[in-house]
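A.B. asks: Each chain, written out:
Number of protein chains: 2
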Amino acid sequence: MSVLVAGTTALDSIRTPYSENPKLLGGSASHAAVAASFFCPVQLVGVVGSDFPRKYINLYRKHGIDLQALEVVKGGQTFHWSGEYEVNMNNRRTLETILGVIDGWMPALPGPCETAGYVLLANISPQVQNRVLDQLRKPKFVVADTMDLWLNITLEEVLRLLKRVDCLVLNDSEARQLVKEDNVVAALPKLHQLGPKYIIVKKGEHGSILSSPKGLFVAPAYPLHKVVDPTGAGDSFVGGMMGYLASKGGSVDSHLRMAMVHGAVVASFCCEGFGLQVTTKVTQEKIAARVKELLKITKL
Amino acid sequence: MSVLVAGTTALDSIRTPYSENPKLLGGSASHAAVAASFFCPVQLVGVVGSDFPRKYINLYRKHGIDLQALEVVKGGQTFHWSGEYEVNMNNRRTLETILGVIDGWMPALPGPCETAGYVLLANISPQVQNRVLDQLRKPKFVVADTMDLWLNITLEEVLRLLKRVDCLVLNDSEARQLVKEDNVVAALPKLHQLGPKYIIVKKGEHGSILSSPKGLFVAPAYPLHKVVDPTGAGDSFVGGMMGYLASKGGSVDSHLRMAMVHGAVVASFCCEGFGLQVTTKVTQEKIAARVKELLKITKL
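One line per chain: the protein sequences are P and G, in this order.
Residue numbers for the first sequence follow this note's numbering, beginning at 1 and rising by one.
Residue numbers for the second sequence follow this note's numbering, beginning at 1 and rising by one.
Each hint should be verified, as a subset may be incorrect.
A pair counts as met if it fits within one copy or between any two copies, since identical chains are not told apart.
Said to hold, decoys possible - Think about it this way: if two alpha-carbon atoms lie no more than 25 Å apart in a straight line, the pair counts; the simulated SDA-like pairs of lysine to any residue are: (1) K286 - H63; (2) K180 - K226; (3) K74 - M106; (4) K190 - V228; (5) K226 - L194; (6) K226 - S173.
Worth flagging that the hints you see were computed from the coordinates, not collected in a lab.
The model shown is predicted, which means the values in this text are computed figures rather than measured ones.
Modelling step: build the complete structure from the supplied sequences, incorporating the hints.
C.D. replies: Okay, structure coming up:
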C-alpha cells in the first residue's frame with residue numbers, strides 16, 4: 001500500500017552556533033514523505049511557489065514521491081521558516097516566518113489521491129488537515145500530527161479534527177498543554193477522550209510512548225553521539241512509521257510497535273544533518289542496520 | 001550473596017505544593033538498602049544521632065537489614081535535609097541541610113563487612129566512599145553513585161574513586177558536567193576513560209542508559225500516572241539493581257539489564273509516596289507484577 005502525506009513543503013533557513021544553512025528543503029510533508037519513501041510509494045499533498053528550486057522537485061522524484069498533488073503557484077513565494085538553535089540543540093527560536101503560498105491554501109486532491117488508505121496529516125493548520133480528510137473516501141488509518149501553535153490559535157478546529165482521526169501524534173509538552181495535565185502518562189486517557197484510538201507522544205531523544213487499545217508501548221530513540229539539526233525529526237519519525245505500516249498492510253496493532261522503531265531510526269538520520277541532507281542519502285540497508293542495533297540495545 | 005550499602009542515613013523534610021512531610025526516613029543508603037532488601041540480605045553502613053527514631057531502626061530490621069555497621073553517635077544529631085518540590089515535581093530546591101553526625105564521619109567497618117562481594121557506595125562524600133573501599137578485601141562488583149555537589153567541591157577525590165570502582169551511576173546533567181560534553185551518548189566513552197568499566201546514566205522518568213563492554217543498553221522507566229515524591233528514586237533504582245544482581249550471582253553482564261529493570265520498578269514505587277512510605281510496603285509479588293508489565297510495554 002502507499003501513504004498519502006499532506007503538510008507543509010517549505011524552505012528552511014537554519015542557523016546554529018556553528019553554521020548558517022539557507023533555504024534547505026524543509027516542511028513537515030517533505031520530511032515525512034521522504035521518510036516514508038524508504039518503505040512504500042508516497043503521494044505528497046502540498047503547495048510551493050515558483051521560487052521552489054527545481055533540485056528539490058528532483059529530490060522528491062528521486063525518492064519516487066508522486067507529485068500529482070503538489071500545487072505550484074505561479075509567481076507565488078514558497079513558505080519559508082527561519083530559525084536558530086542554541087548550543088545544546090534543545091532550544092530553538094523562530095527568527096522569521098513567511099507564509100507565502102501556504103497562507104489560506106486549501107488543497108484540492110486529484111482523483112487518484114481520494115482512495116488513499118494510509119493517510120498522514122503532517123503538521124499544518126488543522127483547517128487544511130480537515131479539508132484533506134473531507135476529500136478522502138475510506139481511509140484505512142489516518143494519523144494527524146500537530147503543534148503548539150494550532151493548540152493556541154485554532155483549538156476548536158484541532159478538536160474537530162481529533163474526532164476524525166485514528167491516531168494523534170504530538171510532543172510531550174503539547175500533550176500536557178492540550179489536556180491540562182502535568183503528567184504525560186496521566187494525560188493519555190484524557191487525550192483518547194478527544195477522539196483518537198491511538199495516541200503517540202514524542203519525547204525527542206527520550207523516545208516515544210504509544211497508548212493504544214493494546215495498552216502502552218514505550219519506544220526507544222536511537223542514541224546519537226551528535227545532533228546536527230533536529231528540525232524535522234518528529235516528521236521523519238511519523239513518516240517512517242507510516243511508511244513501514246503501509247508496507248506491511250494488515251492489522252495496524254500487529255505492526256505499530258515495530259513501525260515506531262523504524263520511524264525512530266529514520267528520525268535519527270534526520271538529526272545528523274541539516275534539513276534533509278542526511279535523510280536523502282539513507283538507504284534501506286542503513287535503516288535495517290540501525291534498526292537491528294536499536295533492537296539489540298533495548299533487548300532484555 | 002548479600003549487598004553492602006554505604007551512604008547517608010538521614011531525616012528528610014519534604015514540602016510540596018500539596019503537603020508538608022517532616023522527618024521522614026531518608027538518605028541514599030536508607031533508600032538503596034530497603035530497595036536491595038527485596039532481593040537479598042543487606043548490610044548497611046551509615047551513621048545516625050541519638051535523635052534517630054526507634055521506629056526507623058525497626059523499619060530497617062523489618063527488611064532484614066544488618067545494622068552492625070550503622071553507627072549511633074550518642075548526643076549527636078542525625079543528618080537532616082529539607083527541600084521543596086515545585087508543582088511539576090521536576091524542580092526541587094534545598095531549604096536547609098544540617099550535616100550533624102555525618103560531618104567528618106569516617107566509617108570503620110566491622111569484620112563481617114570486609115568480605116562483602118557486592119558493594120554499593122551510595123551517594124555520600126567521595127572521601128567516605130573511598131574509605132569504605134579501603135576496608136574491603138576483594139569485592140566482586142563495586143558501584144558508586146554520586147551527585148553534582150561532589151563534582152563541584154571535591155572533584156579530585158571523585159576522580160580517585162572512579163579509578164577504583166567497576167561501575168559509576170550518575171544522572172544525565174552530572175554526566176555532562178563531569179566530562180564537559182553536552183551529548184550524553186558522546187559523554188559515555190569519556191566517562192569510561194575515568195576508570196569505570198560500566199557507566200549508568202539515570203534520566204528519571206525517561207529511564208536509564210548503560211554503557212558496558214557488551215555495548216549500550218537503553219532501559220525504560222516504569223510509566224507512572226502520578227509522582228508524589230521523587231526523592232530517593234535514583235537510590236532505589238541502584239539499590240534494587242544491586243540487590244537483584246547479588247541475588248543472581250554469576251556474571252554481572254548476564255544479569256545487569258534485567259537488574260536495571262528491577263531497579264526501575266523499585267524506583268517507581270519510591271516515587272509514589274513520600275520518603276520510604278510506599279517502598280516499605282512493597283512486596284516481591286508487587287515488584288514481579290510491575291516487572292512483568294514493564295517487559296510487556298517495551299516488548300517488540
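A.B. asks: Does each hint hold? Answer for all of them.
C.D. replies: Structure-based check of all given hints:
1. Taking CA atoms no more than 25 Å apart as the test, K286 paired with H63 passes inside one copy only; the shortest distance there is 16 Å, against 51 Å between copies.
2. Taking the shortest alpha-carbon separations for K180 and K226, only the inter-copy value of 14 Å comes in at or below 25 Å, while the best intra-copy value is 33 Å.
3. Only within a single protomer do K74 and M106 lie at most 25 Å apart by alpha-carbon distance; the minimum there is 16 Å, versus 79 Å between protomers.
4. Taking the shortest alpha-carbon separations for K190 and V228, only the inter-copy value of 20 Å comes in at or below 25 Å, while the best intra-copy value is 35 Å.
5. In this assembly of identical chains, K226 and L194 lie within 25 Å of each other by CA distance solely across copies; the values are 21 Å between and 37 Å within a copy.
6. For the identical chains of this complex, K226 and S173 are neighbours both inside a copy (23 Å) and across copies (17 Å), given an alpha-carbon limit of 25 Å.
The structure shown violates none of the earlier numbered hints.
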